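Number of protein chains: 2
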Amino acid sequence: MSGNTGDDGRSVTSRVLGILDAFDIEHPRLTLSDIARRASLSLTTAHRLVGELTEWRALERGEDGRYSIGLRLWEAGLLGPLHTRLREIAMPFLQGLYEATRENVHLAVRDGNEALYVEKLSGHRSVPIVSRTGGRLPLHTTGVGKALLAWETCDHVDQYLAHPLARLTRYSISEPGRLRKDLQRIRSRGYATTQEEMTLGNCSVACPILDAEGRPIAAVGVVVHTVRVEPDRLAPPILAAAKGIADRLAAAGDDPYPGYVHDLDLTKRMRRRS
Amino acid sequence: MSGNTGDDGRSVTSRVLGILDAFDIEHPRLTLSDIARRASLSLTTAHRLVGELTEWRALERGEDGRYSIGLRLWEAGLLGPLHTRLREIAMPFLQGLYEATRENVHLAVRDGNEALYVEKLSGHRSVPIVSRTGGRLPLHTTGVGKALLAWETCDHVDQYLAHPLARLTRYSISEPGRLRKDLQRIRSRGYATTQEEMTLGNCSVACPILDAEGRPIAAVGVVVHTVRVEPDRLAPPILAAAKGIADRLAAAGDDPYPGYVHDLDLTKRMRRRS
DNA sequence: ACAGTTCTTCCACTCAGCGGAAGGCCGACG
DNA sequence: CGTCGGCCTTCCGCTGAGTGGAAGAACTGT
Chain E
1 MSGNTGDDGR SVTSRVLGIL DAFDIEHPRL TLSDIARRAS LSLTTAHRLV GELTEWRALE
61 RGEDGRYSIG LRLWEAGLLG PLHTRLREIA MPFLQGLYEA TRENVHLAVR DGNEALYVEK
121 LSGHRSVPIV SRTGGRLPLH TTGVGKALLA WETCDHVDQY LAHPLARLTR YSISEPGRLR
181 KDLQRIRSRG YATTQEEMTL GNCSVACPIL DAEGRPIAAV GVVVHTVRVE PDRLAPPILA
241 AAKGIADRLA AAGDDPYPGY VHDLDLTKRM RRRS
Chain C
1 MSGNTGDDGR SVTSRVLGIL DAFDIEHPRL TLSDIARRAS LSLTTAHRLV GELTEWRALE
61 RGEDGRYSIG LRLWEAGLLG PLHTRLREIA MPFLQGLYEA TRENVHLAVR DGNEALYVEK
121 LSGHRSVPIV SRTGGRLPLH TTGVGKALLA WETCDHVDQY LAHPLARLTR YSISEPGRLR
181 KDLQRIRSRG YATTQEEMTL GNCSVACPIL DAEGRPIAAV GVVVHTVRVE PDRLAPPILA
241 AAKGIADRLA AAGDDPYPGY VHDLDLTKRM RRRS
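Heads up: the protein sequence lines correspond to chains E and C, in order. Residue numbers 1 to 274, in UniProt numbering, belong to the letters of the first sequence in order. Residue numbers 1 to 274, in UniProt numbering, belong to the letters of the second sequence in order.
This list has only true hints and no planted wrong ones.
One-sided excerpt, in silico: chain E residues whose CB lies under 8 angstroms from chain C: (1) S14; (2) A58; (3) G80; (4) D111; (5) P256.
Honestly, the hints are just simulated from the structure, not real lab data. Model, not experiment: these values are computed from the prediction. Cβ atoms here follow ideal geometry from the backbone N, Cα and C, with glycine treated the same way.
Construct the entire structure; sequences and hints are all you get.
Here you go:
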């Protein structure tokens, strides 16, 4: 850009993205000074960039002067394939799973070494749970995570096992050898289970959504309270949902928004008016 | 910025946001040239900015070379209050409504002169519908829209009626007088209905979620096929859900993420490991 | 009254960002 | 099998948009 002093090779774009990076689930609302500090920007620069972002509504300013992620950014994010394609196709199946179980239903993808939760459905009767839509959890302590890992290539598994495995409860599998054995069993059985490996008192059953080449695209899972768990009863509907989603995904090809047919007509109708 | 020629006062930030603006639901996947054209950027500039955005994963590049909205942007958008606060609190109530009706369940807020859909639940048995999470529809042709408008201040209503009212079906209310009367009836009855005003064959029932001052924060609604409609039977559970959400919102105060209690502990536990 | 925040505005310096040009790659058409 | 018209990518010299310091306003708690 320009500037008179201490300019490390950062571009304006990287600064803008750094501002977005300043927000996370533990810091969803920040003051201007917070943002400047967390993004390593001078207050002046933060002030100007945040001002522009706020005008576009990428950020919004609350009554207390603090900033949070804005409406437009939320809206833009929902145009991504994770939402318009994967979630759109999966949703009816997830609802079906919810109706059948009334428990927490999850849809997740693998991103790096974490399970990224694309959708989470839960009602009043479901067990309270740490996952959230847009959240991340370890692969080896969650049902969906283990389902994603088990069908991954050996290289990926090796790479994952090379890092230390977080032990979140006393039941978490933190030894590479035991995890490898568990993944083996999961693959042969067709679905993954966890028993209080993420949270004491909670268990889960999950299975992968595979593409035509057998690679795991995503995983569907259900989390229940330990006393209610019956994997044999839970697995069949989850397997069916995963199969259903996989088939619909394959059928949709690379259509970016499979559920959008006559909406095109609608937008035309709406446009004609204005 | 800088640059040697034709530089209208656009900032780098505005260009970056212009790139995001180039994507919409009808154009979720764009080539670099598409982006440059739609955002009025030179190909060179688009190339550089898109490159930076892709590196951060605000955008992602498909196998065919086209760009779409990336994972990180989706993730960032979900940190906004619409998702972490409103949706988080509303979700169990929406699920309850879905269980009770098995129809399309909507949660929407007003943004400008449109209803912005924050959440949409639908199963296999639900009527196919044009709404989508993150989508926008007119206020006067949708149940949630009318519910939002009916409790709005007179000024807002006047302002809305000043613009022409899109007539999307032959049953859409496009005369300001008739709409005003309808809103009056909605307010006195406590909930809104539509009868094929958005889509032929579909009807809806919706009611507002009001804050302590009686202002409409959001609206919950259900869309059903005309032959199945029984507003008197649908209204009570919807009213109850709206009331429940309103109470929980009021109880949460301005806690940015009311459903997040012991997750803080979890992230600490996860961090300790790495 | 004071020390500590916060946010905002002003300003002169300068390098990051700009777009044109040129070249490579692909598929379509004649 | 050239040629055209799309794409995308890299290179390069010019320059004004972006920079951070300084100064001060506003607000808070002590």
